[in-house]
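Residues per chain are reported as follows:
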Amino acid sequence: MNFKDNKAIYLQIADRIGDQILSGTLTTEGKVPSVRELAAEIEVNANTVARTYEYLQQCGVIFTKRGLGYFVCPDASEKIIAMRREQLMQGEMDYFFRQLKAVGITPTELQEKYQEYLKC
Amino acid sequence: MLSINDLTFSYNKHVGDLFHNLSFELNAGNVYGLLGKNGSGKTTLINLMCGLLTPKSGNVTLDDENVRARLPKTMSDIFLVPEEFDLPNLSLKRYASINAPFYPNFSMDDMQRYLDIFDMGGDIDVKLHSLSMGQKKKVLLAFAFATNTRVLIMDEPTNGLDIPSKSQFRKLVTTGMTDDKMMLISTHQVRDISEILDHVTILDQSKVLLNASIADVTSRLAFRPMREGDQPLFTQPSVMGSLVVVPADPDEETAVDLEMLFNATLQNPDAINQLFNAPKA
Numbered sequence: 001m002n003f004k005d006n007k008a009i010y011l012q013i014a015d016r017i018g019d020q021i022l023s024g025t026l027t028t029e030g031k032v033p034s035v036r037e038l039a040a041e042i043e044v045n046a047n048t049v050a051r052t053y054e055y056l057q058q059c060g061v062i063f064t065k066r067g068l069g070y071f072v073c074p075d076a077s078e079k080i081i082a083m084r085r086e087q088l089m090q091g092e093m094d095y096f097f098r099q100l101k102a103v104g105i106t107p108t109e110l111q112e113k114y115q116e117y118l119k120c
Numbered sequence: 121m122l123s124i125n126d127l128t129f130s131y132n133k134h135v136g137d138l139f140h141n142l143s144f145e146l147n148a149g150n151v152y153g154l155l156g157k158n159g160s161g162k163t164t165l166i167n168l169m170c171g172l173l174t175p176k177s178g179n180v181t182l183d184d185e186n187v188r189a190r191l192p193k194t195m196s197d198i199f200l201v202p203e204e205f206d207l208p209n210l211s212l213k214r215y216a217s218i219n220a221p222f223y224p225n226f227s228m229d230d231m232q233r234y235l236d237i238f239d240m241g242g243d244i245d246v247k248l249h250s251l252s253m254g255q256k257k258k259v260l261l262a263f264a265f266a267t268n269t270r271v272l273i274m275d276e277p278t279n280g281l282d283i284p285s286k287s288q289f290r291k292l293v294t295t296g297m298t299d300d301k302m303m304l305i306s307t308h309q310v311r312d313i314s315e316i317l318d319h320v321t322i323l324d325q326s327k328v329l330l331n332a333s334i335a336d337v338t339s340r341l342a343f344r345p346m347r348e349g350d351q352p353l354f355t356q357p358s359v360m361g362s363l364v365v366v367p368a369d370p371d372e373e374t375a376v377d378l379e380m381l382f383n384a385t386l387q388n389p390d391a392i393n394q395l396f397n398a399p400k401a
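Chains as they are written, first to last, in our numbering: chain A, 1 to 120; chain B, 121 to 401.
With the rest of the complex left out, here is chain A (with noise of 0.2 angstroms):
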């Protein structure tokens, strides 16, 4: 198991239906696949991919119309990206900077650096 990213499952689907969303493999106001479909396609059960649909629909990153299934909210793109903000801003961040201060890398190198990955 990678203990790294132990998030629970239903997280993690979630996860790759915001790529797919951001990388455009699902498009917005498009149909998002059915429960049962992503299911075996990803050989998870059911209740767990309802689950994420559930927290997804909350989010406000996908929405339900009567009888048709689960689409992709206009905005779904800014919502997964200001979520994904947060997420690494409150969590990863913290766990970043610790190990930059264990080593001491200074926030001038920092800067170098990410200036030096930003240009290629």
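Calculated cross-link-like contacts (lysine-lysine; reagent style DSBU-like; alpha-carbon spacing at most 30 angstroms):
1. A:Lys65 x B:Lys291
2. B:Lys301 x A:Lys31
3. B:Lys193 x B:Lys256
4. A:Lys7 x A:Lys101
5. A:Lys113 x A:Lys101
6. B:Lys286 x A:Lys7
7. A:Lys31 x A:Lys65
8. A:Lys79 x A:Lys65
9. B:Lys157 x B:Lys286
10. B:Lys291 x B:Lys157
11. B:Lys193 x B:Lys291
12. A:Lys7 x B:Lys157
13. B:Lys133 x B:Lys176
14. B:Lys176 x B:Lys193
15. B:Lys133 x B:Lys327
16. B:Lys291 x A:Lys31
17. B:Lys256 x B:Lys291
18. A:Lys7 x B:Lys291
19. B:Lys213 x B:Lys193
20. A:Lys7 x B:Lys301
21. B:Lys133 x B:Lys157
22. B:Lys213 x B:Lys286
23. B:Lys301 x A:Lys65
24. B:Lys327 x B:Lys176
Think of the hints as simulated: they come from the structure by calculation, not from any bench.
Just so it is clear, the structure is predicted and the values come from calculations on it, not from any experiment.
Add chain B to chain A, keeping to what the hints say.
Coordinates of chain B only, in the frame set by chain A:
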């Protein structure tokens, strides 16, 4: 749907009860994992659920009908895939045509679809005795799913399957499962099936130590590397340091590691029991 009611069972009156007043319920729409050590009574419990053994007292009911009565309407709604079995020396087609009439919802199209999932769709005229043990298991699983019984019980279904078929088996379950069915998978190979379960039932020394949904486990327990100040219910050394099972903080949701959950439950049954019986935070 399937209720185990005050079930007491013994193989031999001189050795005491294997199960004593066991009660729990299995509901439609769920895939249950029945976990337990060797000799913990998993197969006996399965046989009782299917009406193959007679309890000393109590009963197992499917929609309020005692399964031990073995009524046709009950038997046509339960399918058991045992760990070890023999298939007759017939062609697959003949086998299906002889056995399908016992199951009113059997679908030949479904069987073809499930055989395709196992890459065995090519030849329905194949002689069953010419198949390897693993192939026989695939054929029986495809037939079992195609009966569309509401109760499907599998004893160690992934034993003897090769590496690609573990994923195919998961596909079979996620494709074949519907809201009106209940599946129960008894296994030691927890890694093969962990993501297709939505409910775990842990049996030890003839007692149900834990019977909880994965969602419930996720909200009550965390599976992660050890942190300072942790009071773990279970610790396991690993290359990344100690991994622990601890009560989850609010908002902490980690993926359930069934192996660690099982070990934690066996090592610390009282603490787990207390945690799961407490009202949710």
